[in-house]
Amino acid sequence: MKRKLFALAAFAALTILVAACGGSSSSTSGGSSAATSSSSASGSSSSASNGTIKVLAITDTSGPNKVVGVPELDGLQAGAAYYNAHGGILGHKVDIVVKDDNGDPTQATTNVVQALGSNPNQYTMIWGGEEGTITAALIPVIARYKPFTIAINDGTNLCQNSSHCPSEFILAGAPTVPEVAQAQWFKSKGYKNVGIIYEEIAFTQTEAQNLTNDLKALGIKSESVGLPTSATSATPEMSTLKSAGAQAVYAAGFGAPQGYIYAARPELNWPVPILWDAAGSSVDISKLAPASQLPNSYETPFYCLDKAHSVPGLAAAASAETTPISGALPCSTWGQGFDALAILNAAAKKAGSVSSSALSSAMTSLHLTTADDVIFQPVYCWTTSDHENTCNAPSAYTVTPVGSISGGRLQPVGAS
Amino acid sequence: MAITIWSGLVLGSIYALVATGFTISMLPTGVFNFAQGAIVVAGAFLSYQFLSVSNLGGGLALLLAALIGMGLGAACELVAIRPLTWARGTVGDAALVTTVGASTLIIGLLSIKWGALALLVPFAGPGGYLHFLGVVARPVEVFVFAAAIVSAIAFEVLFRYTRPGQACLAVAEDRDAAMLRGVNVSRLSLVAFALAGAFGAAAGVIIGPITYALPTLGATLALSGFVALALGGEGSFVGGLLGGLVVGLVESLATRYIGASYGDLAVVALLLTTLALRPKGLAGFTKARSV
Numbered sequence: 001m002k003r004k005l006f007a008l009a010a011f012a013a014l015t016i017l018v019a020a021c022g023g024s025s026s027s028t029s030g031g032s033s034a035a036t037s038s039s040s041a042s043g044s045s046s047s048a049s050n051g052t053i054k055v056l057a058i059t060d061t062s063g064p065n066k067v068v069g070v071p072e073l074d075g076l077q078a079g080a081a082y083y084n085a086h087g088g089i090l091g092h093k094v095d096i097v098v099k100d101d102n103g104d105p106t107q108a109t110t111n112v113v114q115a116l117g118s119n120p121n122q123y124t125m126i127w128g129g130e131e132g133t134i135t136a137a138l139i140p141v142i143a144r145y146k147p148f149t150i151a152i153n154d155g156t157n158l159c160q161n162s163s164h165c166p167s168e169f170i171l172a173g174a175p176t177v178p179e180v181a182q183a184q185w186f187k188s189k190g191y192k193n194v195g196i197i198y199e200e201i202a203f204t205q206t207e208a209q210n211l212t213n214d215l216k217a218l219g220i221k222s223e224s225v226g227l228p229t230s231a232t233s234a235t236p237e238m239s240t241l242k243s244a245g246a247q248a249v250y251a252a253g254f255g256a257p258q259g260y261i262y263a264a265r266p267e268l269n270w271p272v273p274i275l276w277d278a279a280g281s282s283v284d285i286s287k288l289a290p291a292s293q294l295p296n297s298y299e300t301p302f303y304c305l306d307k308a309h310s311v312p313g314l315a316a317a318a319s320a321e322t323t324p325i326s327g328a329l330p331c332s333t334w335g336q337g338f339d340a341l342a343i344l345n346a347a348a349k350k351a352g353s354v355s356s357s358a359l360s361s362a363m364t365s366l367h368l369t370t371a372d373d374v375i376f377q378p379v380y381c382w383t384t385s386d387h388e389n390t391c392n393a394p395s396a397y398t399v400t401p402v403g404s405i406s407g408g409r410l411q412p413v414g415a416s
Numbered sequence: 001m002a003i004t005i006w007s008g009l010v011l012g013s014i015y016a017l018v019a020t021g022f023t024i025s026m027l028p029t030g031v032f033n034f035a036q037g038a039i040v041v042a043g044a045f046l047s048y049q050f051l052s053v054s055n056l057g058g059g060l061a062l063l064l065a066a067l068i069g070m071g072l073g074a075a076c077e078l079v080a081i082r083p084l085t086w087a088r089g090t091v092g093d094a095a096l097v098t099t100v101g102a103s104t105l106i107i108g109l110l111s112i113k114w115g116a117l118a119l120l121v122p123f124a125g126p127g128g129y130l131h132f133l134g135v136v137a138r139p140v141e142v143f144v145f146a147a148a149i150v151s152a153i154a155f156e157v158l159f160r161y162t163r164p165g166q167a168c169l170a171v172a173e174d175r176d177a178a179m180l181r182g183v184n185v186s187r188l189s190l191v192a193f194a195l196a197g198a199f200g201a202a203a204g205v206i207i208g209p210i211t212y213a214l215p216t217l218g219a220t221l222a223l224s225g226f227v228a229l230a231l232g233g234e235g236s237f238v239g240g241l242l243g244g245l246v247v248g249l250v251e252s253l254a255t256r257y258i259g260a261s262y263g264d265l266a267v268v269a270l271l272l273t274t275l276a277l278r279p280k281g282l283a284g285f286t287k288a289r290s291v
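Protein sequence lines, in the order shown, are assigned to chains A and B.
With the first letter of the first sequence counted as 1, position 154 gets the number 154 in the working numbering; the numbers rise by one all the way through.
With the first letter of the second sequence counted as 1, position 288 gets the number 288 in the working numbering; the numbers rise by one all the way through.
Hint data in this document are derived by calculation from the structure and do not stem from the laboratory.
Just so you know, not all the hints are guaranteed correct.
Covered, in the sense of this in silico footprint (three residues per stretch, anywhere, with C-beta under 8 Å from a C-beta of chain A), are these stretches of chain B [claimed, not checked]:
#	stretch
1	36-47
2	156-169
To list a few chain A residues with every Cβ distance to chain B over 10 Å, as calculated [what the hints assert, rightly or not]:
#	residue
3	Asp104
4	Gly117
5	Ser230
6	Gln258
7	Cys381
By construction, the Cβ of each residue, glycine as well, lies at the ideal position given by its N, Cα and C atoms.
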């Protein structure tokens, strides 16, 4: 009897702890930015007609994507706090309501259906997922209920045809834009043979393919090798590129693989220049390798919070970004969340209304720059037929020596 | 070629260290503790915490990590294994499910504490590079290679030539007979899991500077360690070492000379071929028994 009770107690404890670790799919008002005013993150359900507009944030705060989901949410909440402190959006205070998707497209879809099913108009804006896979899964649901929605990228580029995304607008532009900028950088440096090593996940494989095409268009030869996700060393793969005569390496990886690629250079006695992809540039690369391995490596960060100088109060807010997870990430991920509120504000001003149809209509006549308080990218615009950021150009992506993150900004270290 | 071989040997040494941990807990219990990979990863995170954040010395970090690993191992036995014995009288296949649950729990706790990003684990030893036989190697890689060999041999000696070790072998051969001879199999099971946990966490401290501290590494190490164990032969530390080194070499050579996508495929092909031709593994042997 005693043993059975012990077994039951142990099983119950295990179940509770596993459930706690697995994260919650219920609505929470999460986020932990030090810069966020608490008034923007309550769970209240006031409608616009009561002086408050609600923004539904579908994001990952507990699962595998929380590394980007949490700072994006922090940016959303910081944006809400910023606009609440500056008269609100069209006089309405902003309230962020968070629904954790745990990095699961199915959970994200369920969250949206539950949120909109009873009253599609209760939310003025939807933040449509922390990354492309989630956003892509939500596109049909968003198209069905037509709430005004902003997302980072849609994974499948469906929103390039606005008929698929009538009320949804994407911050990123055409998926090949960063690779065009990177290929142009290789060309400008005079490289004739570029090695490409990419972690074998969908996003980086796409980046590698895009770059291969762009290099070919510029007359640059390239050799590609994939790095399995289970790899704990990149030396064999880098050895292949060395044997192929690569003069520089484009590396598309995220996290530990970046460290493995750095470690391979001295092991092969091959101090080849490395250019990191856009995804890999979203983390603090300087923390992934000893300082001695960093020279002669470059990254492609998104436009960062240096632009925050033009927005009073934002520099301090960004510098205070110190949450345990997002503290290691550059301002770009945080800035994406912030920009969603800035865009909502601009669209509302243009439309003179916060209704979904008015906001969606206003978006196609917007041309936003940092003068309009957006900070993540230097320019945003959308057209009636294309709801991805058609103004996103290669010039938005600068190649800089790998830097460290300090005070919310990229600080270059180890120039070549 | 030399660099590829050395890279394979280092990789194989990592797998061998994981396989050694599996064998420690498997010998007296017959249980494959899937959570062993997670305990190794815990060791890597603890190493980061003690060396990078708390600025402790290398020896103290290793000792503390081993103690915490011992606790994790013991907890695995008490929560994931012992209740099965009470309920069914034998552990059976359910242990695979419960130890997977334990692994998930450990990885979840690690993610909560340290997040999902990879963390650079420092090496509390000499820096720089060593040059030998056409290879450029980091001192930590040489240390891992040596640790894999020394630990396999040491545990082989411990289990074959010491009384507690022989008790474990007795339980592995015939549990009931061992009990009749006075071996406390319950206590032995707990001690074995605790020892495996301590060794696993210590292994994590050692391999962390190479693999980084990363929650998702647990499953990779568990699977690779299992393959090394199956290839080398269950119940044999030297077999686990051989299996690990062979797996690492095959993976590295296949990746380099056939293609990056063929590394894992080559390992699976090797495993299936070996088990088909020699089911007991490279170092396993069929025991005769009188009836």
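Hints the structure fails to honour:
Failing hints, ascending: 1, 2, 5 and 6.
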